[in-house]
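A.B. asks: Single-letter residue listing:
4 protein chains.
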Amino acid sequence: MAHVAFIGLGVMGGPMAGHLVRAGHEVTVFNRTTEKADAWVAEFGHRRELTPAAASESADLVMMCVGNDNDVREVALGPEGVLSTMKDGAVLVDHTTASASVARELSDAATAASIGFVDAPVSGGQAGAEAGILTVMCGADDRSSFEAARPIIASYARECRLLGPSGAGQTTKMVNQICIAGLLQGLSEGIAFAQRAGLDVDEVVAVIGKGAAASWQMENRAATMAAREFDFGFAVEWMRKDLAICLTEADRLGARLPVTALVNQFYQDVLGAGGKRWDTSSLITRLDDR
Amino acid sequence: MAHVAFIGLGVMGGPMAGHLVRAGHEVTVFNRTTEKADAWVAEFGHRRELTPAAASESADLVMMCVGNDNDVREVALGPEGVLSTMKDGAVLVDHTTASASVARELSDAATAASIGFVDAPVSGGQAGAEAGILTVMCGADDRSSFEAARPIIASYARECRLLGPSGAGQTTKMVNQICIAGLLQGLSEGIAFAQRAGLDVDEVVAVIGKGAAASWQMENRAATMAAREFDFGFAVEWMRKDLAICLTEADRLGARLPVTALVNQFYQDVLGAGGKRWDTSSLITRLDDR
Amino acid sequence: MAHVAFIGLGVMGGPMAGHLVRAGHEVTVFNRTTEKADAWVAEFGHRRELTPAAASESADLVMMCVGNDNDVREVALGPEGVLSTMKDGAVLVDHTTASASVARELSDAATAASIGFVDAPVSGGQAGAEAGILTVMCGADDRSSFEAARPIIASYARECRLLGPSGAGQTTKMVNQICIAGLLQGLSEGIAFAQRAGLDVDEVVAVIGKGAAASWQMENRAATMAAREFDFGFAVEWMRKDLAICLTEADRLGARLPVTALVNQFYQDVLGAGGKRWDTSSLITRLDDR
Amino acid sequence: MAHVAFIGLGVMGGPMAGHLVRAGHEVTVFNRTTEKADAWVAEFGHRRELTPAAASESADLVMMCVGNDNDVREVALGPEGVLSTMKDGAVLVDHTTASASVARELSDAATAASIGFVDAPVSGGQAGAEAGILTVMCGADDRSSFEAARPIIASYARECRLLGPSGAGQTTKMVNQICIAGLLQGLSEGIAFAQRAGLDVDEVVAVIGKGAAASWQMENRAATMAAREFDFGFAVEWMRKDLAICLTEADRLGARLPVTALVNQFYQDVLGAGGKRWDTSSLITRLDDR
Ligand SMILES: NC(=O)C1=CN([C@@H]2O[C@H](COP(=O)(O)OP(=O)(O)OC[C@H]3O[C@@H](n4cnc5c(N)ncnc54)[C@H](OP(=O)(O)O)[C@@H]3O)[C@@H](O)[C@H]2O)C=CC1
Ligand SMILES: NC(=O)C1=CN([C@@H]2O[C@H](COP(=O)(O)OP(=O)(O)OC[C@H]3O[C@@H](n4cnc5c(N)ncnc54)[C@H](OP(=O)(O)O)[C@@H]3O)[C@@H](O)[C@H]2O)C=CC1
Ligand SMILES: NC(=O)C1=CN([C@@H]2O[C@H](COP(=O)(O)OP(=O)(O)OC[C@H]3O[C@@H](n4cnc5c(N)ncnc54)[C@H](OP(=O)(O)O)[C@@H]3O)[C@@H](O)[C@H]2O)C=CC1
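Chains as they are written, first to last, in this note's numbering: chain A, 1 to 290; chain B, 291 to 580; chain C, 581 to 870; chain D, 871 to 1160.
If you are wondering where the hints come from, they were derived from the structure by calculation, not from laboratory data. Note that beta-carbon positions come from the ideal geometry of N, C-alpha and C, so glycine has one too. Take the hints with a grain of salt, since some may be wrong.
Here are some, though not all, of the chain B residues that point toward chain C, as calculated from beta-carbon distances under 7 Å [what the hints assert, rightly or not]: (1) Gly300; (2) Thr341; (3) Arg546; (4) Leu547; (5) Pro548; (6) Leu552; (7) Gln558.
Modelling step: build the complete structure from the supplied sequences, incorporating the hints.
C.D. replies: Following this line, the structure appears as structure tokens:
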């Protein structure tokens, strides 16, 4: 069993850290808002510390799942950050959805301190975190860091794969979000059109839902989209953060994302209608009459 | 066993009519280009006639699968069209992907002649037609026409469903094409981005291909898209015809199809690069450097 | 002085025909709704007839300004259409904004009847028609027809130019509308952004309105756009008709109109908000929060 | 006469500083690449210093015209930055096209040091800088700083206006760029369409160039666009920098820029075709067949 630190007990991190306990690891946690850490300890036992640095001191592995690039820099590189105390040969795993640049930056800083680094954003959402069946997309500059992290990550993942050097986990997650953006807009246009045409969306999906138009989103979201229900799922504000990361990386790579860029603007319409916390499938609302 | 006429022995209609024979029906065919009708008769036996009218004379059911609205009007309503000879109580089934307006126009004309009408566009492509596992989306103003056609259609369909009054089959097919347009553009952007980021597309699909970004297109087309292979599948020129139908119907319905309209223009880029016969997934080519 | 027939006394045609009278021509008019023809005769004198054919019988020139392609076909080619009575060597001028195809169709029909044809859509709006300062974009298969029409057109035009064979007037008008679509969307985004940024739009226009962002629309519409006033100008429903013509012609030509196609969909949002009769600059309304 | 420092003698800054000399001011310059500073002194006389700090020491006004946000921070706030030496009551004017955030950041830093600040991006391009007829869009938290800067700016500006608090100059410049993006795409689509339709672009512009489609870009760029000449003007890479600033600010403001975002992606196509230094009107090239 390993000694693992977990930094960031939010919607995703909290249950992930819980699965580490269930798998028998020794877990030390940190959360900025102390109450969350206390609640976690009340549920799962083990220990919490008051800084990322303190939580990571004797850890073999440190997992982080915070908000964005700046948060990652703060908890990793800041004066009380995990790299200030992690021991030689330990491995830092970042589950935050962040930029590929910050992944490379952290990998370099970690390497300089003889620490391994894996960027490891996840998909599967809150339900996947709670059920311990996340998909984890990894990048690492040396395979041994990935191999060290993999059995620990297995506590909460159904699928965990190394896709390339550091940053590759993040760029893979970006591919995921890019595919979703166009797909959801197409699905929104299809469903809104169907409704104006007087069709029953359930019937339509029953007939087209196995063929060339089929998608996870159609299978899992068409009914709620047709009912304009969005009080669940992956929030528009998270999607916006992720798409901003995609668009910046695309600029760096010379990639074109015309529809992703457009859908990102369409999400601003959703925000303007109060949809910050709505599921990403709420794109369909902008196709309704005012 | 029924007496069935089949009008239009193209890529789709030819094998569909063949399945009617296999199912034991008495089949009379018509094809504008006589050679194709002769070849079909050489393979499947039965009879061909020289006009749609002659082929339909004593048929219980007449199936058509021609090109576009004008073709449909010609073979159904023209001087030698099927409606000029079809008997009372027979049913006309149109498998062409056409407009909802032409479906309603035909339904009215058929009804006035005491003939049933079902608009019944299909999906599943050439492979689906050959294997007899098409999906058939039906609209009909009276359910009895649909019920009469259903067992015959079963000869070449895996799924056949009535979705509403006449035109509803066509609008359902439109929903299918609309969903595909946005989805394929998102997938194209995702794959082209992945390649610029130095990722292995097979690996990426292996890891994201079951989650929220998953789609039939990702499962079946990502590898060929990554290899820029398009010499198969559903041709861009057919897709353009279908999207034009969708956009016209959307205008009528007051539906908005911003990304569908944009992707329709992007397909013009593909045409300009010589892609008339390429599979619809060739959208990705426009994201490459010139 | 010439004998001129004018078919279609709408918002544009009425004042245009009036200018023909002022210029001293002998004018016979036809309008489908007889009351409008009576009102016109009450104001300008001269004669009205009850069919296009009757109005055109002895005319040297016949001008038409009706609604769309179908209307053009009806008044020109229908059983009571102008071509049924026009005399040899007379010239038919179509001021309707219509397709290039209908222009070529009419030119062929006219030529077969030894009649000249000029497609001659206009810009300048109601104000331009009333002031007699329209811009007229002409296409003609023979220059002599244009030369015959030019001095008559001069009665209500500031600018009248032959741009190519028949259809060229219409395609030039399309270029005009295409340019406007992208321009107005850019201007809308700019002004809505300025307002959210707390800027005074008048001041912004005062400073940027002479440089690289300058346009007729900025000069003439920025203030009303900032005030969300649209009760004047060129109506959204006309613009939609024109853009549909542009998009169809682009398909024929292999031209790409990505932003034009997108803006056309955005206008559907405006229609959905009740903007059928609003000025085209009402595109800005869709950038507001709901 | 004032003592003025000028930081950044690039394409824009060099001629601007020259006009200060012509207007009789005492000018001290700094340029990172010393050769450019030497060449400037050889042409205009006066003095150069080796750091921004040294150049600004006794200046009444300090003008900067560097590249982007980071450059602005470096020359203003860095250890050798101008704020480290500027005297009480002096005014700092930033002519760089940068973000509104950096303007507010600088304004706060300057105010804390009892120095005035004006963000003052320009338009008019290299030609405008050389002729001394730029348009200058200003933001300032106190009007007196603007009033102090205005007569000096007059040396190279035709128009100089205060548009609001600090950042307002930058947001006004953003409005300018946003308007241009949509406008140029519309113009590109119009011209490319015209050419495919066989029209003569000069003739088309002659007839539509005064009406509702008219723009500075049409008047000044249509001919070169038609000829696909782009070896002059405002470079695509600058436009991309500016649009990135606009898109970030729009996110902050909740503004939607759908077409601006799309055109920004289209410029990536132009970059991929080698167009980094081409004039922004090169958007039209992506509408050609490959
Ligand atoms: N929610 C989802 O469905 C999915 C989320 N993700 C990604 O996972 C990450 C976490 O998401 P989620 O758990 O939903 O977010 P939450 O907002 O629920 O949790 C964020 C966590 O990060 C901590 N944190 C944020 N900033 C800092 C900081 N500067 N210093 C210290 N701690 C900080 C928060 O602490 P505090 O409690 O003090 O605020 C909290 O513990 C994000 O990158 C998100 O994009 C990925 C897939 C799905
Ligand atoms: N191919 C595909 O993957 C799919 C196609 N479809 C739809 O099915 C329909 C048929 O497609 P497909 O079979 O591929 O097309 P083909 O071009 O292979 O066949 C078209 C058939 O229609 C006939 N036809 C066309 N116009 C006329 C006319 N005016 N009068 C008489 N006969 C006419 C043709 O006759 P002739 O032999 O003389 O040319 C031919 O038999 C289309 O609407 C298409 O959109 C739907 C799903 C998938
Ligand atoms: N060019 C144009 O048509 C227009 C440009 N602008 C804007 O004006 C600004 C300047 O443009 P332009 O003059 O064309 O650009 P140039 O590249 O010609 O000049 C940039 C200047 O900034 C200096 N510089 C850049 N970064 C730094 C740094 N970190 N430290 C010190 N000096 C630095 C450069 O020094 P060095 O010589 O050492 O590289 C050079 O003097 C930009 O913000 C641009 O967007 C606005 C309107 C029109």
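A.B. asks: Would the hint on Pro548 of chain B be counted as holding, given a Cβ-Cβ threshold of 7 Å to chain C?
C.D. replies: Since chain C brings a Cβ to about 4 Å from Pro548 of chain B, closer than 7 Å, the hint holds.
A.B. asks: Return the status of the interface hint for Gly300 of chain B: holds when the least beta-carbon distance to chain C is below 7 Å, violated otherwise.
C.D. replies: 23 Å, violated
A.B. asks: Let me know if the C-beta of Leu552 of chain B comes in closer than 7 Å to any C-beta of chain C, holds or violated.
C.D. replies: 5 Å, holds
A.B. asks: Closer than 7 Å between Cβ atoms is the bar; does Arg546 of chain B clear it against chain C? Give me holds or violated.
C.D. replies: Given a least distance of 5 Å, the restraint on Arg546 of chain B holds.
A.B. asks: Does Gln558 of chain B pass the interface check with chain C, least Cβ-Cβ distance below 7 Å?
C.D. replies: 5 Å, holds
A.B. asks: Return the status of the interface hint for Thr341 of chain B: holds when the least beta-carbon distance to chain C is below 7 Å, violated otherwise.
C.D. replies: This interface hint is violated because 29 Å lies over the 7 Å limit.
A.B. asks: Holds or violated: is the Cβ of Leu547 of chain B closer than 7 Å to a Cβ in chain C?
C.D. replies: Check passed: Cβ of Leu547 of chain B comes within 6 Å of chain C, closer than 7 Å.
Hints 1, 2, counting from the list given before, are not met by this structure.
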